[in-house]
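Using the sequences and the hints, build the whole thing.
Below, each chain spelled out in residue letters.
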Amino acid sequence: MRHQVNIQVNNKSVAVERFLRVTRHRGFELVNMSLASADTHYRVNLELESDRPLYLLTQQLTKLVEVDTVEVVSTQQRNASA
Amino acid sequence: MTGAELLIDLLAKHGVKEVFGYPGGAIMPIYDALYGAPVKHYLTRHEQGAGFAAVGYARSTGKLGVCFATSGPGATNLITSLADAMMDSVPLLAITGQVPTAAIGSDAFQEVDVLGMSLSCTKHSYMVERAEDLAEILQEAMHLAMSGRPGPVLVDIPKDIQLAQVTYQPWLAADDYKPEFCQAQLAIANELLQSASKPLAYVGGGVQAADAQNELMDFLNKTQMPVVSTLKALGSVLPEYDYDLGMLGMHGGKAANLAVQDCDLLVCIGARFDDRVTGNLAKFAANAKVIHLDIDAAEVGKRKPVDASLVADLKDSLTELTTPLTQSDWRAHCDKMNADFAWRYDYPGELVYAPYLLNKLSQLMPTTGVVCCDVGQHQMWVAQHMKFSHPSNHLSSGGAGTMGFGLPAAIGAQIARPQDFVVTVSGDGSIMMNIQELATIRRNNLPVKILVIDNQRLGMVRQWQQLFFDGRYSETNLSDNPDFVALAAVFGIPGETITRADQVDSAVEKMVASNGPYILHACIDDKENVWPLVPPGAANDQMLTEVAK
Ligand SMILES: Cc1ncc(C[n+]2csc(CCOP(=O)(O)OP(=O)(O)O)c2C)c(N)n1
Chain A
114 MRHQVNIQVN NKSVAVERFL RVTRHRGFEL VNMSLASADT HYRVNLELES
164 DRPLYLLTQQ LTKLVEVDTV EVVSTQQRNA SA
Chain B
206 MTGAELLIDL LAKHGVKEVF GYPGGAIMPI YDALYGAPVK HYLTRHEQGA
256 GFAAVGYARS TGKLGVCFAT SGPGATNLIT SLADAMMDSV PLLAITGQVP
306 TAAIGSDAFQ EVDVLGMSLS CTKHSYMVER AEDLAEILQE AMHLAMSGRP
356 GPVLVDIPKD IQLAQVTYQP WLAADDYKPE FCQAQLAIAN ELLQSASKPL
406 AYVGGGVQAA DAQNELMDFL NKTQMPVVST LKALGSVLPE YDYDLGMLGM
456 HGGKAANLAV QDCDLLVCIG ARFDDRVTGN LAKFAANAKV IHLDIDAAEV
506 GKRKPVDASL VADLKDSLTE LTTPLTQSDW RAHCDKMNAD FAWRYDYPGE
556 LVYAPYLLNK LSQLMPTTGV VCCDVGQHQM WVAQHMKFSH PSNHLSSGGA
606 GTMGFGLPAA IGAQIARPQD FVVTVSGDGS IMMNIQELAT IRRNNLPVKI
656 LVIDNQRLGM VRQWQQLFFD GRYSETNLSD NPDFVALAAV FGIPGETITR
706 ADQVDSAVEK MVASNGPYIL HACIDDKENV WPLVPPGAAN DQMLTEVAK
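Chains A and B, in that order, are what the protein sequence lines are. First residue of the first sequence? That's 114 in the working numbering, and the numbers climb one at a time after it. First residue of the second sequence? That's 206 in the working numbering, and the numbers climb one at a time after it.
Since the hints were derived computationally from the structure, they do not count as laboratory data. It cannot be assumed that every hint is accurate.
In silico lysine-lysine, DSSO-like type, Cα no more than 30 Å apart, as pairs [stated by the list, open to error]:
| # | chain 1 | residue 1 | chain 2 | residue 2 |
| --- | --- | --- | --- | --- |
| 1 | B | Lys-541 | B | Lys-592 |
| 2 | B | Lys-541 | B | Lys-427 |
| 3 | B | Lys-520 | B | Lys-218 |
| 4 | B | Lys-592 | B | Lys-565 |
| 5 | B | Lys-218 | A | Lys-176 |
| 6 | B | Lys-383 | A | Lys-176 |
| 7 | B | Lys-488 | B | Lys-459 |
| 8 | B | Lys-459 | B | Lys-732 |
| 9 | B | Lys-520 | B | Lys-383 |
| 10 | A | Lys-176 | B | Lys-520 |
| 11 | A | Lys-125 | B | Lys-383 |
| 12 | A | Lys-125 | B | Lys-218 |
| 13 | B | Lys-268 | B | Lys-592 |
| 14 | A | Lys-176 | B | Lys-509 |
| 15 | B | Lys-268 | B | Lys-218 |
| 16 | B | Lys-715 | B | Lys-732 |
| 17 | B | Lys-507 | A | Lys-125 |
| 18 | B | Lys-222 | B | Lys-268 |
| 19 | B | Lys-520 | B | Lys-268 |
| 20 | B | Lys-732 | B | Lys-565 |
| 21 | B | Lys-459 | B | Lys-565 |
| 22 | B | Lys-565 | B | Lys-715 |
| 23 | B | Lys-268 | A | Lys-176 |
| 24 | A | Lys-176 | B | Lys-507 |
| 25 | B | Lys-459 | B | Lys-427 |
| 26 | B | Lys-541 | B | Lys-565 |
| 27 | B | Lys-459 | B | Lys-507 |
From a predicted model like this one, the values you see are computed outputs, not experimental measurements.
Printed below as a string of structure tokens:
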């Protein structure tokens, strides 16, 4: 499954390492990412690939102290040829 | 005041009276601030010992455990204890010294990226970048370690910030977020409870973390529901409760594991369906509906789908469950299994039988005492054959299963609870992993009792080699162990060695009656195994029991 997730985190560089570590460790492959700095925050769009249900990741991301919001934009079945 | 003085001052303000640690270059200003301070520092002989002493301190009291280490190797030595505290949700504050801010990133002497290392083994971590942030970070760190699901928090403080002039500003948690469970889920949970005919409570470490033993016992006493416990929950269910089936899982009792497979409603109370608990997950409580109570939303549905969940403090959620009396035929069935599969201690032969010895120790020691243990067969025998009246009286490395845990954890527990009897049960393998802490016992004249169950093997690994690796005993022979009683004697600790069953009673009596530290070295059969055992990948009702030695 392909997932689009937006998160908002404190703009401390360790916060980026932290959510990327959790993403990898919980079994989600990073396909695409964009990060924009906005006053006290980073806005991050993640595109992720995994066979695991997405809530297993979002619940873990939500727990991170530096993560303010986690928003699931879309989830779609990968097309067979991809 | 300096940053270092602020740290000590804040600890004192938060009621931290004892800390554990080991000094070095990058943390010297903090050690200087400790000199003559109201916070007492205990010098361990390895940073891992300091970390585990802090874990023992925290787990035996429910208070924050605090440990200090210097940069580089000091900090890396702490990591195992942080990982252990993370797995077992122990509230810990780790303070590490760091090279001065200007030197960070230059591969300075004893520079390691501790913040980077901490990411996978702490609940949260900081490196202080500006002196003016120090007060807030430290207060937030203490709050985070203790709140919600507890865990270890690390604060890495560069040396220049320890030396900088700072001011104290009180900090209050912005919104003390307290999860509230959903009423619709509560309604579903209560319906499930009403309609269940074979309900079973499955209790985990969350009961201790939430300080919810009373609420648990109220719930059980009203429902008379049979109950099983994880390793970490042992002691949560009071020994006098009639329908306690004991520990479940890989080395759980038969009654506990069979009841789980048979139940039609599993009420999971602060537990997380760990793989050592569930065995083959698809076959675990396969016919049961599940209600999950936990403060950590990420545990709900992580391993097993649930039918209702209450994400909240157990103190709040447990009291909301309606409590119909459990049907008497199910209770009677569980009761009968308890009787049919009761542990037996009539062991033939002249050698020391560890389960008998531990059961004896449990009977003879004060019920308010603390039992720590290491990891291996002896750990499982402690869990099976000793009784506890509170989870803070049984300190066992659960999630991480860290050999070397027991001795330093016992030191922390003894310092936290100086009036209480504290014993650590170890194996001849595990005891050597933090043996240097005998020096900490000696220096502080701590009356910690040490029981070494010696099978001259890395017994648990040997057992798996016997059962699952064709008896190819690779690197598990410890028949050249040192003389443990002589070793302890060098540290001024008296003790004795026993080898025969007829020596057990009096040896245990003598250890329990001794005033100071004491070591009892009990030699057992090197082929003894832990039973029952659910083989890896099997369902929990497919347990193996005693096979020929
Ligand atoms: C730090 C660490 N290293 C390795 C292991 C793997 N391990 C688990 S049990 C065990 C054997 C423990 O031997 P001992 O302390 O003598 O206890 P016994 O099983 O014989 O009672 C080992 C090596 C571990 N749990 N922890």
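Comparing the hints with the structure gives:
1. Restraint check: the Cα-Cα separation between Lys-541 (chain B) and Lys-592 (chain B) comes to about 20 Å, which is no more than 30 Å; the hinted pair holds.
2. Straight-line distance between C-alpha atoms of Lys-541 (chain B) and Lys-427 (chain B) comes to about 21 Å, which keeps the hinted pair within the 30 Å bound.
3. Of the supplied pair hints, the one linking Lys-520 (chain B) and Lys-218 (chain B) holds, its CA atoms being roughly 27 Å apart against a limit of 30 Å.
4. Proximity of Lys-592 (chain B) to Lys-565 (chain B) is assessed by CA-CA distance (about 11 Å); at most 30 Å being required, the pair is judged to hold.
5. With a C-alpha separation of about 28 Å, the suggested pair Lys-218 (chain B) and Lys-176 (chain A) falls inside the 30 Å cut-off, and the hint holds.
6. Between Lys-383 (chain B) and Lys-176 (chain A), the direct Cα distance comes to roughly 13 Å. Compliance with the 30 Å bound is thereby established for this hinted pair.
7. Restraint check for Lys-488 (chain B) and Lys-459 (chain B): the C-alpha separation of about 16 Å stays at or below 30 Å, so the hint holds.
8. As the CA atoms of Lys-459 (chain B) and Lys-732 (chain B) are separated by approximately 22 Å, the hinted pair is consistent with the 30 Å bound.
9. For the suggested pair Lys-520 (chain B) and Lys-383 (chain B), the alpha carbons sit about 12 Å apart, so the restraint of at most 30 Å is met.
10. Distance hint between Lys-176 (chain A) and Lys-520 (chain B) is fulfilled; the C-alpha atoms sit about 21 Å from each other, no more than 30 Å.
11. Between Lys-125 (chain A) and Lys-383 (chain B) the CA atoms are separated by roughly 25 Å; this keeps the pair inside 30 Å, and the hint holds.
12. Distance check on the hinted pair: Lys-125 (chain A) and Lys-218 (chain B) sit about 29 Å apart at the alpha-carbon level, within 30 Å; holds.
13. For the suggested pair Lys-268 (chain B) and Lys-592 (chain B), the alpha carbons sit about 23 Å apart, so the restraint of at most 30 Å is met.
14. Restraint check: the Cα-Cα separation between Lys-176 (chain A) and Lys-509 (chain B) comes to about 20 Å, which is no more than 30 Å; the hinted pair holds.
15. With a C-alpha separation of about 14 Å, the suggested pairing of Lys-268 (chain B) with Lys-218 (chain B) holds against the 30 Å cut-off.
16. For a cut-off of 30 Å, the pair hint linking Lys-715 (chain B) to Lys-732 (chain B) stands: about 27 Å separates their Cα positions.
17. Under the criterion of a C-alpha separation no larger than 30 Å, the hint pairing Lys-507 (chain B) with Lys-125 (chain A) is consistent with the structure, at around 29 Å.
18. With a C-alpha separation of about 11 Å, the suggested pairing of Lys-222 (chain B) with Lys-268 (chain B) holds against the 30 Å cut-off.
19. Only pairs whose Cα atoms come within 30 Å are accepted, and Lys-520 (chain B) paired with Lys-268 (chain B) is accepted, the gap being roughly 18 Å.
20. Between the alpha carbons of Lys-732 (chain B) and Lys-565 (chain B) the distance comes to roughly 22 Å, so the proposed pair stays at or under 30 Å and holds.
21. Proposed proximity of Lys-459 (chain B) and Lys-565 (chain B) is supported: the alpha carbons are some 22 Å apart, at most 30 Å.
22. About 12 Å separates the Cα atoms of Lys-565 (chain B) and Lys-715 (chain B), which keeps this hinted pair within 30 Å; it holds.
23. A distance of roughly 22 Å separates the Cα atoms of Lys-268 (chain B) and Lys-176 (chain A); the hinted pair therefore holds under the 30 Å criterion.
24. A distance of roughly 14 Å separates the Cα atoms of Lys-176 (chain A) and Lys-507 (chain B); the hinted pair therefore holds under the 30 Å criterion.
25. Proposed proximity of Lys-459 (chain B) and Lys-427 (chain B) is supported: the alpha carbons are some 25 Å apart, at most 30 Å.
26. Taking the CA atoms of Lys-541 (chain B) and Lys-565 (chain B), the gap is near 25 Å; set against the 30 Å cutoff, the hint holds.
27. Proximity of Lys-459 (chain B) to Lys-507 (chain B) is assessed by CA-CA distance (about 26 Å); at most 30 Å being required, the pair is judged to hold.
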